[in-house]
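**Student:** Here is what each chain is made of, one letter per residue.
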Amino acid sequence: MTLDRAGRGYYRILDISQSEVQRSKLHSMGLLISKVISVKQPATNGMVLLAVDASRMGLSSSVAKSIVVEPICSRFSVACPKEEEGNAGKERHRRKNSKHRSGR
Amino acid sequence: MLAKSAIEEKTLNIALAGNPNVGKTAIFNALTGSHQRVGNWPGVTVEKKEGFLLHSGTKLAIIDLPGIYGLNAYSMDERVSRDYLAHQRPDLTLSIVDSTNLERNLYLSLQLMEMGQNVLLTLNMQDELDAKGITIDAAGLSSFLGIPVVMVSALKRFGIDELKDRILEKCAGNGFPEGLSFEDSRIEKALGAIEKLLSENTEIEEMNYRWLAIKLLEKDPEYQLLLDNARPYLKAAVNEIIADIDRIFGDSAVAIAQARYSIIEEIMGRFVKQARKSDDLTDRVDRILTNKWLGIPIFFFFMWLTFQLTFVVGNFFLEMIDEGFGLLADTVTQGLSGNLPDLFVSFLADGVIGGVGGVMVFLPNIFFLFLAIGVLEASGYMSRAAFVMDRLMNAIGLHGKSFIPMILGFGCTVPAVMATRTLESRKDRLITMLVSPFMSCSARLPIYLTFTAVFFSKNQGTIIFSIYIIGIAVAILMSRLFKSTILKGESSPFVMELPPYRVPNPRELLRYSGQKAMVFLKRAGTIIFLVIILVWALAALPAGVEYASHESYAGMIGSALTPLIRPMGFDQWETGVALLMGGLAKEVVVGSFATLLGDGRLEAGLSEFFTPLSAYAFMIFTLLYMPCVAVFGTIWREAGAKWAFFTMAYTTGLAFVVSTAIFQIGRFFTG
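Residue numbers (this note's numbering), protein chains in the order written: chain V, 1 to 104; chain P, 1 to 671.
Quick caveat, the hints were computed from the structure, so don't treat them as lab data. Among the clues, some could well be false.
[To be verified] For lysine-lysine, the following BS3-like pairs were computed, each having C-alpha atoms within a straight-line distance of at most 30 angstroms:
1) 10(P) with 65(V)
2) 427(P) with 65(V)
3) 189(P) with 65(V)
4) 48(P) with 427(P)
5) 65(V) with 59(P)
6) 65(V) with 488(P)
7) 59(P) with 10(P)
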């Protein structure tokens with residue numbers, strides 16, 4: 001589903017390649033594939049309010065439409081394991097991508 | 001490496017770089033002793049600012065840059081920062097980060113290191129860490145990154161002296177770092193291959209080839225242009241390497257971004273400990289303030305509250321100052337009449353005291369208006385207002401982000417026009433610039449306060465509020481018109497950060513509104529004073545004519561303008577002169593009336609000139625007609641002469657049409 005159709009709850013980003021906003025900006029704001037985000041205010045013909053790590057950000061509906069997400073849990077869930085889900089996303093990341101160290 | 005003696009001889013350029021709203025300007029102020037504007041919303045700083053500091057015998061030039069999230073520039077303010085960092089090469093770059101949001105902020109810090117900047121990591125907002133249950137191992141982080149890390153709180157002035165010392169140490173120290181390496185051999189191999197190709201190609205200007213290689217792998221369009229001008233084989237070879245990485249990782253740009261976040265995750269895991277505290281308060285408040293149904297009414301309620309504060313509390317002090325000026329005018333007139341030439345007494349009583357004093361009495365209202373705006377800015381509500389207005393703005397083809405410059409316009413249109421630099425799309429920027437003058441600025445407040453006191457004394461607050469609402473409505477309608485005619489185009493997509501709510505610092509608030517009040521006083525002593533003297537001279541000359549008569553120059557000019565303004569219900573020549581002078585500075589409208597009508601006759605004179613209907617039409621005309629010269633100059637600088645003249649022409653034309661319609665239709669109903 002796309003982010004503009006997401007209700008309140010937690011989601012994992014699956015794809016941002018169709019975003020009209022330059023992806024590098026989304027990356028630098030913390031929005032990248034497999035990141036777990038929380039929708040605080042769903043889009044209702046307007047912006048979506050998201051929590052990404054410690055940041056709150058508003059995405060215009062056209063940006064939200066271009067971001068594909070999968071739900072992790074909704075606000076109606078008995079318990080939403082925010083930290084665990086967040087870490088699970090990070091763990092997947094860690095496995096998937098390269099490690100880095102300072103110094104060349 | 002710089003020798004100490006070399007440091008002492010030259011001025012070191014220290015750039016402040018960081019995400020928006022991390023406190024760069026607060027650190028700039030703390031370092032330089034300046035009082036630049038700070039606020040709790042992204043985009044306060046839109047142009048480069050420079051200040052100086054002398055520390056241990058070394059002169060430091062501190063450069064405050066607009067906030068950026070990464071080194072890809074999309075809007076004008078971002079370009080200012082990126083270009084400075086890329087082309088000016090400061091001696092040291094303070095990478096300023098919000099300690100409470102390291103995960104997002106470090107992304108830019110890593111890019112600065114990749115770029116080869118001499119970086120000193122500055123962890124700001126240290127005072128908020130305890131409240132959020134966060135602890136940071138600064139020494140470990142410093143050792144991991146290979147750069148100094150200093151923890152500061154610009155707000156509490158904590159760690160600033162240490163920061164100054166570390167700046168000098170770093171400048172005298174080990175020079176620019178090598179930059180970070182990605183451990184994944186496939187990415188490193190690709191970067192190495194691109195670097196080699198670039199360094200061997202003489203057509204690519206000598207620069208940081210590793211940085212250029214990273215940007216090419218990130219598919220940054222501006223850097224890809226460099227390849228277009230190079231030999232075809234180079235472009236083909238680089239594209240082949242990028243394609244290889246795409247095949248491995250799906251997308252080379254994503255691979256680079258994720259590689260950076262892997263470093264950040266490692267940092268977060270090793271050097272940052274966070275108790276499980278979520279920002280429940282911000283979420284709870286947001287649930288109400290950004291609510292789909294309540295958001296817009298709450299915004300208008302806050303606006304109404306702002307004007308009530310400005311009006312009710314401000315008027316209490318206004319009356320005291322007014323009485324003081326009245327007493328002064330009486331004393332001057334009685335004391336000097338007969339002793340000095342009548343012309344000079346008239347100059348002092350009618351011109352200086354009547355005209356300038358007539359404007360200065362509104363100082364308390366200006367102070368309280370900016371105090372209220374300051375609360376909105378410092379609390380974090382500003383971005384929320386843009387968020388809730390987005391739906392409304394969408395309907396006209398703009399978006400919520402355009403609303404922030406408009407809100408700033410309630411204070412002054414000049415910063416509002418400047419704030420449009422944060423908008424990525426040129427068309428959106430132009431439209432926002434063209435309609436910003438309709439957001440009623442503080443300079444128009446004296447006009448409304450004077451006219452409502454005379455004609456609408458029982459519901460002054462409501463009438464003034466209605467004028468502000470009309471300003472917003474006209475701005476929205478005109479935006480829609482521009483969007484569907486001369487500036488056609490889809491609304492640009494955008495992402496906007498909403499800062500955490502913060503309790504405004506009373507000292508900062510008082511300083512901010514005090515500064516604005518001082519600006520108003522300075523204007524009263526300079527441009528307003530000069531224009532009032534001009535009005536007085538026009539009313540008193542040529543020699544021998546009765547003061548402020550039809551035969552005076554002012555009378556002649558005003559009489560020539562009267563046929564043009566008569567359809568709006570303005571029959572007196574004084575009105576034409578006041579409106580003409582108001583083009584220089586809006587405060588002068590009231591001052592001109594006061595000067596032309598003579599000391600103490602302002603209210604009585606206005607009662608003769610206007611009816612409640614024509615008074616309302618007059619206030620609407622002053623709301624909508626041409627912005628002052630300062631705004632004209634700013635639009636000229638930001639968008640060019642064509643748009644500056646266009647703004648003057650269309651706003652005045654529109655003001656004429658709307659005011660005429662109000663007066664003529666109103667007259668039909670009121671007889």
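**Student:** Against this structure, judge whether each hint is valid.
**Tutor:** Hints, one by one, checked against the model:
no.: 1; hint: 10(P) with 65(V); in the structure: violated (53 angstroms)
no.: 2; hint: 427(P) with 65(V); in the structure: holds (22 angstroms)
no.: 3; hint: 189(P) with 65(V); in the structure: violated (36 angstroms)
no.: 4; hint: 48(P) with 427(P); in the structure: holds (23 angstroms)
no.: 5; hint: 65(V) with 59(P); in the structure: violated (51 angstroms)
no.: 6; hint: 65(V) with 488(P); in the structure: holds (22 angstroms)
no.: 7; hint: 59(P) with 10(P); in the structure: holds (7 angstroms)
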